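**Q** Following this note's numbering, the numbering of the sequence shown begins with 554 at its first residue and continues without gaps.
FYI, nobody ran anything at the bench for these hints, they're computed from the structure.
One or more of the hints may lead you astray.
Okay, derived cross-link-like pairs now, DSSO-like style, lysine-lysine, Cα gap no bigger than 30 Å in a straight line [unchecked claim]:
hint: 1; residue 1: Lys-711; residue 2: Lys-733
hint: 2; residue 1: Lys-727; residue 2: Lys-630
hint: 3; residue 1: Lys-600; residue 2: Lys-727
hint: 4; residue 1: Lys-630; residue 2: Lys-711
hint: 5; residue 1: Lys-727; residue 2: Lys-717
hint: 6; residue 1: Lys-630; residue 2: Lys-600
hint: 7; residue 1: Lys-709; residue 2: Lys-733
hint: 8; residue 1: Lys-630; residue 2: Lys-741
hint: 9; residue 1: Lys-729; residue 2: Lys-741
hint: 10; residue 1: Lys-741; residue 2: Lys-647
hint: 11; residue 1: Lys-670; residue 2: Lys-600
hint: 12; residue 1: Lys-647; residue 2: Lys-727
hint: 13; residue 1: Lys-711; residue 2: Lys-598
hint: 14; residue 1: Lys-727; residue 2: Lys-670
hint: 15; residue 1: Lys-727; residue 2: Lys-741
hint: 16; residue 1: Lys-741; residue 2: Lys-711
hint: 17; residue 1: Lys-670; residue 2: Lys-700
hint: 18; residue 1: Lys-709; residue 2: Lys-598
hint: 19; residue 1: Lys-711; residue 2: Lys-647
hint: 20; residue 1: Lys-700; residue 2: Lys-630
hint: 21; residue 1: Lys-729; residue 2: Lys-598
Computed Cβ-Cβ distance ranges for the label pairs, DEER-style [as the list claims (entries may be wrong)]:
hint: 22; residue 1: Arg-738; residue 2: Leu-626; range: 24 to 34 Å
hint: 23; residue 1: Ala-612; residue 2: Pro-725; range: 40 to 50 Å
hint: 24; residue 1: Ala-721; residue 2: Asp-665; range: 39 to 49 Å
The structure displayed is predicted, hence computed values, not measured ones.
Ideal Cβ positions, reconstructed from N, Cα and C, are used throughout, including at glycine.
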Amino acid sequence: MSLRPGIRNATNLLRPRVSGPSSCTRIFAIGRSYSDAATPPLLLKLKADLKTAMREKDAARLTVLRGVIASTLNASKTSSPITTDVALVALLRKQARGCTEARDEFAGAGRDDLAAKEEAQIAVLNQYMAGSGVEELSEGQLQAVVKDAIASLGDKPKSGDVMKALLAPEGPLKGKAFEKAELARVVKEVIGA
Numbered sequence: 554m555s556l557r558p559g560i561r562n563a564t565n566l567l568r569p570r571v572s573g574p575s576s577c578t579r580i581f582a583i584g585r586s587y588s589d590a591a592t593p594p595l596l597l598k599l600k601a602d603l604k605t606a607m608r609e610k611d612a613a614r615l616t617v618l619r620g621v622i623a624s625t626l627n628a629s630k631t632s633s634p635i636t637t638d639v640a641l642v643a644l645l646r647k648q649a650r651g652c653t654e655a656r657d658e659f660a661g662a663g664r665d666d667l668a669a670k671e672e673a674q675i676a677v678l679n680q681y682m683a684g685s686g687v688e689e690l691s692e693g694q695l696q697a698v699v700k701d702a703i704a705s706l707g708d709k710p711k712s713g714d715v716m717k718a719l720l721a722p723e724g725p726l727k728g729k730a731f732e733k734a735e736l737a738r739v740v741k742e743v744i745g746a
């Protein structure tokens with residue numbers, strides 16, 4: 554009885570074939586270390602609160618914290634890791650926006666139980682955003698900053714030039730939380746006015 558061509562004995566499957574000394578080469582990946590950047594203080598608070606939420610069995614807080622920590626870990630493996638509280642608040646805002654959309658979808662589908670879960674997660678995200686210590690700019694403050702930038706650039710600058718000046722690493726918006734889409738809208742309004 555033949556098993557398969559090339560296999561004479563079933564015991565050959567259990568015994569590895571050694572044909573001679575093997576040369577082992579090691580390849581070391583040269584790249585950036587993911588732990589060289591300083592951890593934002595808010596992220597340290599989130600990690601500590603994760604343990605507390607596990608002990609207290611707070612499902613909504615636990616879901617939010619696991620999602621945020623996973624997102625920061627994924628971002629740390631990209632070219633733009635989350636290294637500041639401002640970037641972390643932007644991530645929290647993005648997740649809150651996703652939860653809001655999910656809540657609206659669930660409410661529209663008549664799933665009030667799932668909508669209530671999303672509402673609880675939104676409340677947790679809002680609590681962390683409010684307690685982050687990061688200054689959030691209102692629309693009026695954004696308009697004032699945009700008007701100052703336009704005045705410094707001269708008469709009738711293009712919106713791209715204004716955005717570039719505002720979003721520069723040492724620009725006037727450094728260290729402040731805001732929505733980039735809202736900033737772009739304000740820039741277009743002020744330039745068009």
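**Q** Now tell me, hint by hint, if it's right for this structure.
**A** Status of each hint after checking the structure:
The hinted pair formed by Lys-711 and Lys-733 meets the criterion: a straight-line CA distance of about 17 Å does not exceed 30 Å. Restraint check for Lys-727 and Lys-630: satisfied, since their Cα atoms lie roughly 23 Å apart, inside the 30 Å limit. The suggested pairing of Lys-600 with Lys-727 holds, with an alpha-carbon distance near 25 Å, which does not exceed 30 Å. For the suggested pair Lys-630 and Lys-711, the alpha carbons sit about 35 Å apart, so the restraint of at most 30 Å is broken.
The hinted pair formed by Lys-727 and Lys-717 meets the criterion: a straight-line CA distance of about 12 Å does not exceed 30 Å. As the CA atoms of Lys-630 and Lys-600 are separated by approximately 18 Å, the hinted pair is consistent with the 30 Å bound. For the suggested pair Lys-709 and Lys-733, the alpha carbons sit about 21 Å apart, so the restraint of at most 30 Å is met. Distance hint between Lys-630 and Lys-741 is unfulfilled; the C-alpha atoms sit about 34 Å from each other, more than 30 Å.
Taking the CA atoms of Lys-729 and Lys-741, the gap is near 20 Å; set against the 30 Å cutoff, the hint holds. Of the pairs offered as hints, the one joining Lys-741 and Lys-647 holds, with about 23 Å between alpha carbons and a cut-off of 30 Å not exceeded. This hinted pair checks out: Lys-670 and Lys-600 have alpha carbons roughly 21 Å apart, not beyond 30 Å. Distance hint between Lys-647 and Lys-727 is fulfilled; the C-alpha atoms sit about 19 Å from each other, no more than 30 Å.
Taking the CA atoms of Lys-711 and Lys-598, the gap is about 41 Å. The hint is violated against a cut of 30 Å. Among the hinted pairs, Lys-727 with Lys-670 is inconsistent with the structure: their alpha-carbon atoms are about 34 Å apart, more than 30 Å. A C-alpha spacing of about 21 Å is found between Lys-727 and Lys-741, which places the hinted pair at or below 30 Å, so the restraint holds. Using a Cα cut-off of 30 Å, the hinted pair Lys-741 and Lys-711 holds, with the two alpha carbons roughly 9 Å apart.
The straight-line distance between the Cα atoms of Lys-670 and Lys-700 is roughly 41 Å, outside the 30 Å bound, and the hint therefore fails. Taking the CA atoms of Lys-709 and Lys-598, the gap is about 45 Å. The hint is violated against a cut of 30 Å. For the suggested pair Lys-711 and Lys-647, the alpha carbons sit about 28 Å apart, so the restraint of at most 30 Å is met. Only pairs whose Cα atoms come within 30 Å are accepted, and Lys-700 paired with Lys-630 is rejected, the gap being roughly 37 Å.
With a C-alpha separation of about 20 Å, the suggested pair Lys-729 and Lys-598 falls inside the 30 Å cut-off, and the hint holds. Between Arg-738 and Leu-626 the C-beta distance comes to about 32 Å, which sits within the given range of 24 to 34 Å. Taking the beta carbon of each, Ala-612 and Pro-725 are about 41 Å apart, inside 40 to 50 Å as hinted. A beta carbon spacing of about 46 Å between Ala-721 and Asp-665 agrees with the range 39 to 49 Å that was offered as a hint.
When each numbered hint is compared with the structure, violations occur for hints 4, 8, 13, 14, 17, 18 and 20.
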